Amino acid sequence: MPLTHMTRAFAVASLLSLTGGAALAAGTEPGTSVSSTVSISYSSGGTTITQDEAASVEFVVDRKVDFSFQGQDAGGTVLADQGADEQVMVFRLENEGNDSSGYDIDVASAGDIGLTHDPAGGGEPGTYSVYVGTESDLAPEDAVYDHDGTTTIGDLPADAVRFVKIVAHVPGGAGDAATDTFDVTATALDAGTSTVTVEVTGQGLQGIDTIFTDPDEDGTEQATERYVIQAPQLSADKTAAVVSENLTGDFDCGGGAAESGAEAAVPGACVEYVISVSNAEDASSDAVNVIITDELPEGITYAGIAANTGFDAVNEASGTVTAELAALPPGATASVRIRATVN
Amino acid sequence: MPRDTRFLLSAAAILSALAQPAVAAGAPPGEIVSNAMTLSYDTGGDTITQEEVAEASFTVDQRLSFTFASLEEGGTVNVEPGATAQDIQLILTNTGNEAVPFDINVAAVADQLGLTLDPAGGGEEGTYSVFLLEEPGGTPVAYDPSGVVSTGPIPADGSRIIVIRATIPRSAGDGALTSFEVSAAPLTPNGSGTQGAVRGQGLGAVDIVYADEGEDGSELSETSYQVLAPQLTAAKDVVVVSENRSGGFSCSGGSPEPEAEAFIPGACIEYTITLSNAPEASSPATFLQFNDTLPEGVTFDSVAVNNGFDELDVEGAMISGAVATLAPGNSAVVRIRATVD
Chain E
4 MPLTHMTRAF AVASLLSLTG GAALAAGTEP GTSVSSTVSI SYSSGGTTIT QDEAASVEFV
64 VDRKVDFSFQ GQDAGGTVLA DQGADEQVMV FRLENEGNDS SGYDIDVASA GDIGLTHDPA
124 GGGEPGTYSV YVGTESDLAP EDAVYDHDGT TTIGDLPADA VRFVKIVAHV PGGAGDAATD
184 TFDVTATALD AGTSTVTVEV TGQGLQGIDT IFTDPDEDGT EQATERYVIQ APQLSADKTA
244 AVVSENLTGD FDCGGGAAES GAEAAVPGAC VEYVISVSNA EDASSDAVNV IITDELPEGI
304 TYAGIAANTG FDAVNEASGT VTAELAALPP GATASVRIRA TVN
Chain L
557 MPRDTRFLLS AAAILSALAQ PAVAAGAPPG EIVSNAMTLS YDTGGDTITQ EEVAEASFTV
617 DQRLSFTFAS LEEGGTVNVE PGATAQDIQL ILTNTGNEAV PFDINVAAVA DQLGLTLDPA
677 GGGEEGTYSV FLLEEPGGTP VAYDPSGVVS TGPIPADGSR IIVIRATIPR SAGDGALTSF
737 EVSAAPLTPN GSGTQGAVRG QGLGAVDIVY ADEGEDGSEL SETSYQVLAP QLTAAKDVVV
797 VSENRSGGFS CSGGSPEPEA EAFIPGACIE YTITLSNAPE ASSPATFLQF NDTLPEGVTF
857 DSVAVNNGFD ELDVEGAMIS GAVATLAPGN SAVVRIRATV D
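These protein sequences, in sequence, are chains E and L. In this text, residue positions in the first sequence follow the working numbering: the first is 4, and each later residue adds one. In this text, residue positions in the second sequence follow the working numbering: the first is 557, and each later residue adds one.
No wet-lab data here; the hints were simulated from the structure. For clarity, every value in this text was computed on a predicted model and none was experimentally measured. Backbone N, C-alpha and C fix where the C-beta goes; we use that ideal spot for every residue, glycine too. Careful: at least some of the hints might be erroneous.
[To be verified] Listed below are several chain L residues computed to face chain E (Cβ distance under 7 Å; list not exhaustive):
1. 791
2. 792
3. 795
4. 816
5. 820
6. 836
7. 840
8. 843
9. 844
10. 848
[To be verified] Using C-beta positions, here's what the derived DEER-type ranges look like:
11. 855/L - 204/E: 22 to 32 Å
12. 867/L - 61/E: 48 to 58 Å
13. 117/E - 855/L: 46 to 56 Å
14. 791/L - 144/E: 52 to 62 Å
15. 791/L - 195/E: 21 to 31 Å
16. 144/E - 815/L: 37 to 47 Å
17. 862/L - 204/E: 52 to 62 Å
18. 143/E - 795/L: 24 to 34 Å
19. 111/E - 815/L: 52 to 62 Å
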């Protein structure tokens, strides 16, 4: 008889006992009993003898502690303006193990911004606080979390995701390119406790081992991001020069061409202030809404604007000159020449 | 003194066959055997003859004699588990001088097979039935050995074949034995009861005398079924080949990693299925197959080793293998790799 023919008359036996729940993407729950049985049959006396459950073996699924912890911000960097409020750095924590697990979050920061930890989330400039939530965006319901010591953020079931958010309040005095680096670590805790999970092996087929399979296989993952301050690097310059000594009294101070050799700021002389504003080439950002206000001192009388290079508008009122510029990109300079006569 | 008086005796035996012709078993009971004598003598120069001057007669008695023997060589029938119509044959021969009905009783002793009597001859697994045949190859007639049941008269010198026909349980193990003690006892002519010995009937009536072996009117024959079967054992175990913590392990081809022990999701595990026929088994296992369906919680990956199976087949989670003959002392092993879900 061909063997394939016999297969049809072949009894199938399989036993499954799942004492735990259904399988997850992260895997079968620990403690789930997986039992399988083999049946055999053979030919005897012109018939087929079948022995169901001729042999079986059973094991218990062990506990796999696995999680990922990664910064979500491009380049690991959050660019922040001086004085900016609620600058959010986001880390994504996913429980990729097969059991519920709690996590302790620790934060170590260093840098020249000098942000300090405010466990209460008060929001004062120069401080940061930590929040935990289920969405990547900061939400009102996110709970403030004190990362000092060993404190659980709460249990994450298998496959669950949490977002850890560092929320900084940048001091206004932070300079361009100032940086604070945040090393953030997540450490697996036994569910429902503040006990750091440890590996357990040697429990055999029927006991439950605990195994770390996070990338470092140590139950702790670290992610690093940084705040970098984005600011213009503005400089201003102001010079004064005699345009015409106007000894004859007929020089047009508001528009006349500068006379060479003029140097004596005698009464009636025409003087010129050159005011320039520059944003350094290596500045991180444009200077926005730049306004120069120059109140002419006593002893001189405004005569006119000889030149405007780069300002959107220059106005004079009651001896005060105002120059405005919407945006001054890095490497750009705006200048204005103000003429006045010496009283 | 009488002179020359001389008796001349001549004896003549006369046989009158009242019922049936004479057989090897002897004259039938009830036959009257008479013997008359003729006397003659000389007197006066004459011879005087007196016919039937004296007579003696007797009646032939019944000799109850029979043999009962197993027709199976060594008194044993070798059978396989699950085999149907396994026959033990015995022959009952009436060696007496009269047709006699018999009662047959069958008792299973040392009944390791657990056979039960099915008087109707249904042939179900684990049952036996009794049949009578007029002659070897004749038509079997079901016979219920319970209580006193007549076989019907068996003529002098006649025989019946008694067949015990069993269907061996599939679960019967190698070497299991069931012996049958089969006894035959003569019955009264109407078959209603046991025929006892009858003596003291004198010359004119029929005595009934036991002449079977043991002279007790009962003969016993013992014959056995003995199971010849493979002694199969199946073993299954499971080990962790790799915990595959990094996720990069090739379950189908990777070498086992020492220290791997945890059945964590993603781990590569290996089931070993071993089918063995014990060295002391009486027969090979033929058309041996196994079937294993991987349970939920694991996913089939590959067959790592096949040592001894003629055929392996995987359909989804169901794995089956077959070997045509597994001789005593041999094993077939397959190693199946799977991953923990």
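Evaluation of the provided hints:
no. : hint                      : verdict
1   : 791                       : holds, 5 Å
2   : 792                       : holds, 4 Å
3   : 795                       : violated, 9 Å
4   : 816                       : violated, 10 Å
5   : 820                       : holds, 4 Å
6   : 836                       : violated, 17 Å
7   : 840                       : violated, 9 Å
8   : 843                       : holds, 4 Å
9   : 844                       : holds, 4 Å
10  : 848                       : holds, 4 Å
11  : 855/L - 204/E: 22 to 32 Å : holds, 24 Å
12  : 867/L - 61/E: 48 to 58 Å  : violated, 27 Å
13  : 117/E - 855/L: 46 to 56 Å : holds, 53 Å
14  : 791/L - 144/E: 52 to 62 Å : holds, 57 Å
15  : 791/L - 195/E: 21 to 31 Å : violated, 41 Å
16  : 144/E - 815/L: 37 to 47 Å : holds, 45 Å
17  : 862/L - 204/E: 52 to 62 Å : violated, 32 Å
18  : 143/E - 795/L: 24 to 34 Å : violated, 53 Å
19  : 111/E - 815/L: 52 to 62 Å : violated, 34 Å
Violated hints for the displayed structure, listed by number in ascending order: 3, 4, 6, 7, 12, 15, 17, 18 and 19.
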